[in-house]
Amino acid sequence: MNTKSESICHVKDGLFIRQKDFFRKYLYTDIQWIEVDGSYCEIHLMQGTKIIIIHSLTEMEQKLPSTIFVRIHRSYIVNMHKVDAFIGNILYVEKKQLPVSCPYSQQVSACFDILEETKSPFKYRKRKNKKDIPSTKEDNFHN
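Each residue of the sequence shown is one higher than the last, beginning at 65 in my numbering.
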């Protein structure tokens, strides 16, 4: 579905985009990312469909909620809820790799709560018998 549209308006949960003589609603949850294509923008939706609109990326950035959509590059805005992974300056949305440019990297990384996997500070080992278990003060007290 590639559709050129002329006008756009927004509601709290999505955008209405004009398609010929009617407006169709697209939920924010269905939008994966938006990218520049010359003087048009392509809105990439779930299931691989896209819509072509006659608006700049800056106009789109102003219309979309900044709590969901973040500019990651001069050519891309991404729905941060759709990011599956990231490595360095690349975000993965489904199988698509989207670049994060330096001017936007700090803003993008602030969107993620990052927990790092670390090794346990405790060393576990199997103990064969009671002799292998270190004694405690209580053990010494009873001896």
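No wet-lab data here; the hints were simulated from the structure.
Note that CB positions come from ideal geometry on N, CA and C, so glycine has one too.
Be a bit skeptical, because a hint or two may be false.
[Said to hold, decoys possible] Using C-beta positions, here's what the derived DEER-type ranges look like:
(1) Ile-154 - Thr-113: 47 to 57 Å
(2) Phe-87 - Leu-179: 39 to 49 Å
(3) Gln-170 - Ser-139: 37 to 47 Å
(4) Tyr-104 - Leu-179: 20 to 30 Å
(5) Thr-131 - Leu-109: 30 to 40 Å
(6) Cys-166 - Lys-89: 27 to 37 Å
[As the list claims (entries may be wrong)] Distance condition first, Cα-Cα at most 30 Å in a straight line; then the derived DSS-like pairs of lysine-lysine:
(7) Lys-89 - Lys-76
(8) Lys-159 - Lys-127
(9) Lys-84 - Lys-114
(10) Lys-127 - Lys-89
(11) Lys-127 - Lys-84
(12) Lys-159 - Lys-76
(13) Lys-114 - Lys-76
(14) Lys-160 - Lys-89
(15) Lys-114 - Lys-127
(16) Lys-159 - Lys-89
(17) Lys-114 - Lys-160
(18) Lys-127 - Lys-76
(19) Lys-160 - Lys-76
(20) Lys-159 - Lys-114
(21) Lys-127 - Lys-160
(22) Lys-89 - Lys-114
Now the hints, each set against the structure:
A beta carbon spacing of about 23 Å between Ile-154 and Thr-113 contradicts the range 47 to 57 Å that was offered as a hint. The supplied range of 39 to 49 Å is met by Phe-87 and Leu-179, whose beta-carbon atoms lie about 42 Å from each other. Between Gln-170 and Ser-139 the CB atoms are about 18 Å apart, so this pair departs from the stated range of 37 to 47 Å. Between Tyr-104 and Leu-179 the beta carbon distance is about 39 Å. The supplied range of 20 to 30 Å is therefore violated.
A hinted range of 30 to 40 Å is violated for the C-beta pair Thr-131 and Leu-109, which are about 20 Å apart. Between Cys-166 and Lys-89 the Cβ separation comes to about 36 Å, which falls inside the hinted range of 27 to 37 Å. At roughly 11 Å between alpha-carbon atoms, Lys-89 and Lys-76 fall within 30 Å of each other, so this suggested pair holds. Between the alpha carbons of Lys-159 and Lys-127 the distance comes to roughly 26 Å, so the proposed pair stays at or under 30 Å and holds.
For a cut-off of 30 Å, the pair hint linking Lys-84 to Lys-114 stands: about 16 Å separates their Cα positions. Simply put, Lys-127 and Lys-89 have alpha-carbon atoms about 14 Å apart, close enough for the 30 Å limit, and the pair holds. About 21 Å separates the Cα atoms of Lys-127 and Lys-84, which keeps this hinted pair within 30 Å; it holds. A hinted pair counts as satisfied when its Cα atoms are at most 30 Å apart, and Lys-159 with Lys-76 qualifies at roughly 28 Å.
For the proposed pair Lys-114 and Lys-76, the alpha carbon gap of about 21 Å is at most 30 Å, so the pair holds. With a C-alpha separation of about 24 Å, the suggested pairing of Lys-160 with Lys-89 holds against the 30 Å cut-off. Our distance criterion of 30 Å between C-alpha atoms is met by Lys-114 and Lys-127, whose separation comes to about 18 Å. The suggested pairing of Lys-159 with Lys-89 holds, with an alpha-carbon distance near 25 Å, which does not exceed 30 Å.
A hinted pair counts as satisfied when its Cα atoms are at most 30 Å apart, and Lys-114 with Lys-160 qualifies at roughly 14 Å. Of the supplied pair hints, the one linking Lys-127 and Lys-76 holds, its CA atoms being roughly 11 Å apart against a limit of 30 Å. The hinted pair formed by Lys-160 and Lys-76 meets the criterion: a straight-line CA distance of about 27 Å does not exceed 30 Å. A C-alpha spacing of about 15 Å is found between Lys-159 and Lys-114, which places the hinted pair at or below 30 Å, so the restraint holds.
Between the alpha carbons of Lys-127 and Lys-160 the distance comes to roughly 24 Å, so the proposed pair stays at or under 30 Å and holds. Restraint check: the Cα-Cα separation between Lys-89 and Lys-114 comes to about 14 Å, which is no more than 30 Å; the hinted pair holds.
Of the numbered hints stated above, those contradicted by the structure are hints 1, 3, 4, 5, listed in ascending order.
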